[in-house]
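Guided by the hints, dock chains B, C and D onto chain A, whose structure is given.
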Amino acid sequence: MEALSLLQWLIDGLIGIGLLWLAWRALFCPELFKAIVLFIAFGLLMTLAWVRLKAPDVALAEVAIGAGLTGALLLSSWAKLRDFDANKGMGVREKNRVQSEQKTKRPFFHWLSATPVLLMAVGLGYGVLQLSPYATGLSTAVAENLDASGVSNPVTAVLLNFRAYDTLLEIAVLLLALIGIWSLEIRPSVREATLDPVLDLLARLLTPLLLLVSAYLLWVGAHASGGAFQAGSVLGAAGVLLILAGWRLPLSLAGLPLRITLVVGLSTFIAVAVLMMLDRGQLLAFPPSQASLIIFVLETTATLSIAAILAALFLGSRPDHSEKI
Amino acid sequence: MNWNDWLPLLLIACSLVPGLIIFGLAEQRVRLRTTLNLSGSVINLLLVAWMLWGVYHGQHFETRLPLLPGLDLVLRAGPLSLLFVTLSAVLWLLTTIYAIGYLEGSPHRSRFFGFFSLCVSATIGVAMSGNLITFLLFYELLTLATYPLIVHRGTEVARHAGKIYLRYTLIGGGLLMFATVWLYTLTGSLEFTPQGFLHALGDEHRPALVMIFILFIAGFGVKAALIPLHGWLPLAMIAPAPVSALLHAVAVVKAGAFGIVRVVYDVFGINFATDLGVTAPLAWLAAFTILYASMRALYQDDLKRRLAFSTISQVSYITLGIAIAGPIAAIGGVVHLVHQGLMKITLFFCAGNLAETLGIHKISEMDGVGQRMPWTMAAFTIGVFGMIGAPPTAGFITKWYLGMGALEAGQSWVIWVLAGSSLLNAAYFLPILHRVWFRKPPKHWPEEHDFGRQETSWMLLLPPIITAFLALGAGLVAAAAFSPLAWAKLIAEREFY
Amino acid sequence: MGDFLLTMPWAVVLILLPLVGAIVCFLWPKNVNQLGLVTLAGVFLSVVGLGAWLLENGVYHHAVGGWNAPLGIHLYADGLSLVMLGITALVGLFVSVYATAYFDRVQSEQFWPLWLFLLTALNALFLSADMFNLYVTLELLGLSAVALVALAGGKAALNGAMRYLLASLLGSLLFLFGVALLYHTYGSLDLAILSEQIEASPTVWMALGLISAGLLLKTALFPLHFWLPPAHASAFSPISALLSALVVKASFYLLLRLWLELFWPISGSVAGLLGILGVMAILWGSLQALRQTRVKMLVAYSTVAQIGYLFLAFPLAMGAGVTAWNAVMYLAISHALAKAAMFMAAGNLLRFGGHDRIADLDQLAQRLPLTVAAFALAGVSLIGLPPSGGFIGKWLLLEAALMQGRWDLAVVIVLGGVLAAMYLFKVLGYAFTEASTPSKVTAVPVRMEWAALLLASGAILLGFLAPLILPLLAIGTPFDAFSSAQEVMS
Amino acid sequence: MSIAVLYALVGIGLFCLGVYALMIHAHLLRKILALNIMGSGVFMVLLALAGRTEIMPDPVPAAMVITGIVVAVSATAFALALMLKISAVTGRAELNDEEEK
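Protein chains in written order, with numbering that gives the first Met the number 0: chain A, 0 to 324; chain B, 0 to 496; chain C, 0 to 489; chain D, 0 to 100.
Chain A with its partners taken away, still in its complex shape (with noise of 0.2 Å):
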């Protein structure tokens, strides 16, 4: 017991060690590209704590999301950065950009930011320190109404019951900035709509196992690890993978097709909301005899949605405008 506990605070110290190296590697390397990569392992560190900390859910959310998603999105930035600034074809460009990636604001800056900081993270430290050691969560809560909730993983039955509010407005957050990201109008770089023949060999490959993952953890979600945003992560992953191989929705499917895909989970969710209040006379108030099947049809909607944002977040144009200009 006593030698078990040892070993767990190794692995704990270490993870913890890990995490604060790699964050700061990730942060202060010169190099852009090499941080980035520092910071997906950082996510899959992050997936490991996670673990450790019995979150098994959100581990699979960080994995998907927080280092595979987050990471996709910052590598293709970087790459298209590194385009702009190659087709302005400056002669010292190569250093120029080194220049740019590791530039900060001057040193007095640094003493005067990082006092602040410093005392900042000592109080936090204080004010954890403080807490009483016993957790004041809600997890009795939880567990006594579970029933009601229509599911048995308590994580889905505060995401899509207990908390459904909060999550309503999540998926408006997420299509929100996908809706900003096409009112910049960002015009596709032309790279992008190249064919690579590994990455459509891989593509090929991997999509109908993704799908199938996602499939799985969709219906998984009501009574284990699992649930609408890692499966929608997911099947985005595999839209991304083909976008990166060079795949585009035919325009005929780019326009209202596309756009109705991604509102589906949320306009769902509203109806959802509107016929609870004019049945229960309360927002959201599933019946417990058929909030399994309400949150099943939450789920596999927010799903789809949520994969196809996620896969248009990535691409960053507007897919309907790109071909028309």
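Derived from the structure by calculation, the hints contain no laboratory data.
Glycine included, each C-beta is placed from N, C-alpha and C at the ideal position.
One or more of the hints may lead you astray.
Stated by the list, open to error - Below, a list of computed lysine to any residue pairs in the SDA-like style, where the Cα atoms sit at most 25 Å apart:
| id | chain 1 | residue 1 | chain 2 | residue 2 |
| --- | --- | --- | --- | --- |
| 1 | C | LYS425 | B | LEU234 |
| 2 | C | LYS425 | B | ILE163 |
| 3 | C | LYS29 | A | ALA270 |
| 4 | A | LYS104 | C | LEU223 |
| 5 | C | LYS29 | A | GLY254 |
| 6 | C | LYS439 | B | ALA25 |
| 7 | A | LYS102 | C | LYS154 |
| 8 | A | LYS104 | A | ARG186 |
| 9 | C | LYS439 | B | LYS488 |
| 10 | C | LYS29 | A | PRO318 |
| 11 | A | LYS33 | D | ALA87 |
| 12 | C | LYS154 | A | ASP82 |
| 13 | C | LYS425 | B | PHE22 |
| 14 | B | LYS442 | B | GLY367 |
| 15 | B | LYS162 | C | LYS154 |
| 16 | B | LYS439 | B | ALA354 |
| 17 | B | LYS442 | B | GLY358 |
| 18 | C | LYS154 | D | ARG91 |
| 19 | B | LYS361 | B | ILE464 |
| 20 | B | LYS361 | B | LYS488 |
| 21 | B | LYS162 | C | GLU433 |
| 22 | A | LYS104 | D | ARG91 |
| 23 | A | LYS102 | D | LEU94 |
| 24 | C | LYS439 | C | ASP359 |
| 25 | B | LYS361 | B | LEU102 |
| 26 | B | LYS488 | B | THR85 |
| 27 | C | LYS29 | A | ARG186 |
| 28 | A | LYS53 | A | SER131 |
| 29 | C | LYS154 | A | SER316 |
| 30 | A | LYS102 | D | VAL88 |
| 31 | A | LYS102 | A | ARG24 |
| 32 | C | LYS154 | C | ARG350 |
As the list claims (entries may be wrong) - Quick list of simulated restraints, FRET-style, between CB atoms:
| id | chain 1 | residue 1 | chain 2 | residue 2 | range |
| --- | --- | --- | --- | --- | --- |
| 33 | C | GLN106 | A | LEU292 | 40 to 46 Å |
| 34 | A | VAL121 | C | MET7 | 32 to 38 Å |
| 35 | B | GLY230 | C | LEU286 | 42 to 48 Å |
| 36 | C | GLN33 | D | ASN95 | 55 to 61 Å |
| 37 | D | THR89 | C | ALA358 | 27 to 33 Å |
Frame of chain A, contents of chains B, C and D only:
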């Protein structure tokens, strides 16, 4: 619903509503604009007459609307209010006629007359205010409404004058707001009450009250152009003549002086103010302003600037009359509200006529102008004698009561101030008269406009002649029941006994 | 009809209606203008309905999903939320009408979904009583606001948007950190439950610090205002109007709500700090505004200064509770109306002359009288001259300051008004003079001029509506939490 | 000190590192990285502190963190797009302070 409850509001509406409509009128709709303007001012006069009659017979006119918890917007027609309202109503009608003639054919007239009406509404509001917050409201509205009139010509000089005007008046306004709120936190009331509402306050508040008094005087002193707060006034001369007339005789400086009257009489109460020891320094300040501004006037060649310094000097008679703190001097001070208005507006009308008809702006250009424009200069002469205080003009009445009041209150030094001021007035006005009547006219006037057989347009000529007669009349029939003097006596009685 | 008014769940409609509107505008962009205006009208009516409900029944509670706190999320509305919702709907309606004339086809297709998301976020924020839910609404608010700023597309706007985004995200994370600490101290996210249990402890102090810092950053209180002028000045004018009038107020509202209901027992002692920052914001913002040579930049710095006023209430509340809070709410709504009108007016003159250089305004007083009138009326309220909403607000604030002998604050309140007059009349003065180099002019749509003027008149009208609005604010006595704390102390 | 507190302290460390990096870096991609690491730090505090007692894991913080991760990726995607746009317009992926004056 009692009709009398809404009469004060209606009085304001009959200049405000035409004003707002005029803003929306196209530039060419001269006839409609003129009709609106004149009918507004005529209705206004009739209402004032009705209320004068009513108040004389003991009726009560008061509009009260809630503004904040515990604070109302109050418009009330008391004797003091009506004195000022009557002056404004009469002079508004005349100035409107004058302005129509003066601005004929010039651009932006809709804007001009709109703000002009707004300005009069604000003045009437100031006059009728039944408490300090209402007073403050209309007082600031007046500042805002006069600003576009001052910068009306749109030149760089006008913009600068407007900027300086605002800087002075808004800082003054800020002080007033400060003082008013401070007073409110001490007393919980702002209602104008004869003989004040502060004497009930404990002795420990005396230092605070002295500070509040100083703040009030500083705030109102800006518009009343007490030295050293007068800097904006000579600059504001850049505005068109009707605006100067309005600023000097009716609206702005008068509002300042009226504010001082209100604060001393209806907020502090004259006895309490004397007791606090704040009236004597005020009297010295007023006396200094009277003499110093007169000295400055001596050195001005620009006619309107000389008149401006004369205004600074004359308005302080009002303050002086209040600050002497005796019933007879009070009569002199209050009645000067009206007298100064009548006399000074005459002078400004005449100065405007000279500028508009002959292009004369400087005193050195006025040689022999009496032969070219006898009627205008006759009115001017009456105004000048009034200013000097020669009997039987209105100015004489003022000085007589001020002097008697000072003696009665045991402050004989005031006599010397009055004498000195009269001498100085004579020194800067009489040489003008000499030039006008006894020198030979030049071959060409600086910029002559042709008005046919008359010396100038009748719309420009009529108002100064009427005001000159009024100024003379106020002196001649001072003993009559409805003369300004009779009202001033009524007001003083109410305050002192 | 009366029954209908009282039985409809207006609060829920206020959140879902703009959200549905946003989705519909996104799906079918053909008729965005009409769709958007209908949505806004619906939102406006819903606020009226909610107001009627509140007047009848007092505060509004709604347990979303039928789950009571602490498990579920509560919607909550009292007088404070109602007034914020009302001002949002009113300003939103006018800005929307303005926007239909301001934007071209493509721009309005982009504008409407984002603006309706913003409106959803605002309404949801004013109605939420759950700390984590508030975090989500803050993110929704921040992202939509930044996306709106970026619509203008130019160098300045993109830079402004980025700065704004970084500040906004940093603010949200600080807020979330505070929420995490609170959750782990008391095991709840519900405001009411938290407020019953809260007491001073190092953790709670840290939470207070983090949450306040995050919200102050979003409210752009000096010295955290650096992001505001570039973002507000470079966005499209109707968007600047929304940001200055509403978005900044939302985080201020939240700060006020949390300090009043959650932190007051402990935060009273540090309220003076906010007051000092407020004073500095007034002075610094005004001086910066005086230095500006462009109208929109000047108006943006004026926002920095006016935000300072809102924070003067915190040190004053100790002795003059309700008066100070009434003052600050009155100032907030007057500023919302006036500043929106002012940005719209600035948009008009930009459209008219193609520039907003103050020295070259070229006789606008004659050529664009409605716009200049709008600017002037809005200015009157901002300066705090009577009769206007700003005057009532400053009067109450001054009263609160003088009641407890805070001369320093009283002087700053008056001085700030004078400074505001100086920089605003600088613009107005040049509207009377001729420019040295006349520029080509474009006609301004009538709708844009009237929208600005009516909104500005609203700011003036507020000067007479205090007897109506102050009782509304008192529904559910949002400022009572404070009074009881005061009693305990005395 | 329990493992929960250990992770919470790591979270605080990540958060503060992120704040520092956000303040001193000029390149926008770094700033975005910094915000993400800050976010991870907050999430870690939020979740770790729930594990102070060993009865059963509290699902509410987990749900909040999942929501937070999704919000963070939305914000990151938008920030990156904005960065690309800035870089396309100005030629640099930095905020230019000088040009506002």
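Numbers of unmet hints, in rising order
8, 9, 15, 20, 34, 35 and 36
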